[in-house]
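With the hints as extra help, turn the sequences into a complete structure.
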Amino acid sequence: MSNYIIHPMVVGSKVFDKGMMTYQHDYGTPYTIPIYSWYIEGGDKKILVDTGEMHPVISEDREKAINGKIRTLEDNLARFDLTPEDIDVVIHTHLHSDHCENDYKCSNARFYIHEQELHAITDPHPLDYRYVEDFIFEIREAGQIEVVRKDQELLPGISVLHTPAHTPGGMTVFIDTEKGRAAITGFCVIKENFEPPVQIRAMEMEVIPPGTNINSYEAYDMMLKVRDMADIIIPLHEPEYASMDAV
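Okay, so the sequence shown: first residue is 6 according to this note's numbering, each after it adds one.
Keep in mind that the hints were calculated from the coordinates and are not lab data. Just so it is clear, the structure is predicted and the values come from calculations on it, not from any experiment. Don't take each hint at face value.
What the hints assert, rightly or not - Under the rule of at most 30 Å between Cα atoms (straight-line distance), these lysine-lysine pairs were calculated in the DSSO-like manner:
1. K155 x K50
2. K69 x K19
3. K51 x K184
4. K196 x K19
This is the structure in structure tokens:
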């Protein structure tokens with residue numbers, strides 16, 4: 006088993022209704038989520054999962070809400086003596102703008118993106134305003150994209166599973182670590198989605214689907230599948246990681 010270390014880097018934030026995370030629950034509750042780029046340390050490649058926001062809002066209020074520092078991608082990588090140009094591989098959970106705005110900075114990287122996500126960003130459904138094709142223009146023109154068409158191991162100890170819960174081409178990234186197999190979810194959720202409060206479990210729901218999903222029934226089932234395949238679940242926007250150096 007590989008001994009990768011997963012470093013959460015906060016590269017943005019959003020303030021919105023909590024129901025955007027927790028389907029059918031907690032609507033009307035203000036909530037702040039961190040937006041992450043994950044630096045995967047180990048092996049012979051420098052790897053990111055997602056690249057985050059280009060111009061993050063950095064404010065005392067938002068940092069207090071997530072209990073962590075918000076930095077640009079450059080400032081985050083500098084903590085590891087890296088620059089975006091040093092990155093060899095970027096794996097995208099999906100292509101909503103807050104997950105790919107810094108792609109162009111990683112000018113030497115290969116980008117692994119599911120084919121259905123590339124179709125979606127090119128011709129998005131009117132309901133999905135979160136796709137902005139401009140953010141992948143440079144990497145597409147430079148031929149940096151590796152199209153993922155099936156579930157597979159991308160690198161030793163790192164594999165992807167197509168999980169179209171939040172978007173058509175969402176991919177969950179499985180990473181072998183010293184403490185077991187970790188899953189960075191390919192859909193936007195928080196810890197509560199996987200560990201619902203007692204009043205939700207009393208309704209015989211084991212998980213809560215993403216607040217924004219393309220099929221709530223299928224999203225529910227995919228969450229169970231991911232949960233059962235991993236030793237460590239890393240919900241894509243869980244605030245508790247904002248204060249951690251490593252998961």
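Okay, the hints, checked on the actual structure:
Proximity of K155 to K50 is assessed by CA-CA distance (about 22 Å); at most 30 Å being required, the pair is judged to hold. Between the alpha carbons of K69 and K19 the distance comes to roughly 13 Å, so the proposed pair stays at or under 30 Å and holds. A distance of roughly 20 Å separates the Cα atoms of K51 and K184; the hinted pair therefore holds under the 30 Å criterion. With a C-alpha separation of about 16 Å, the suggested pair K196 and K19 falls inside the 30 Å cut-off, and the hint holds.
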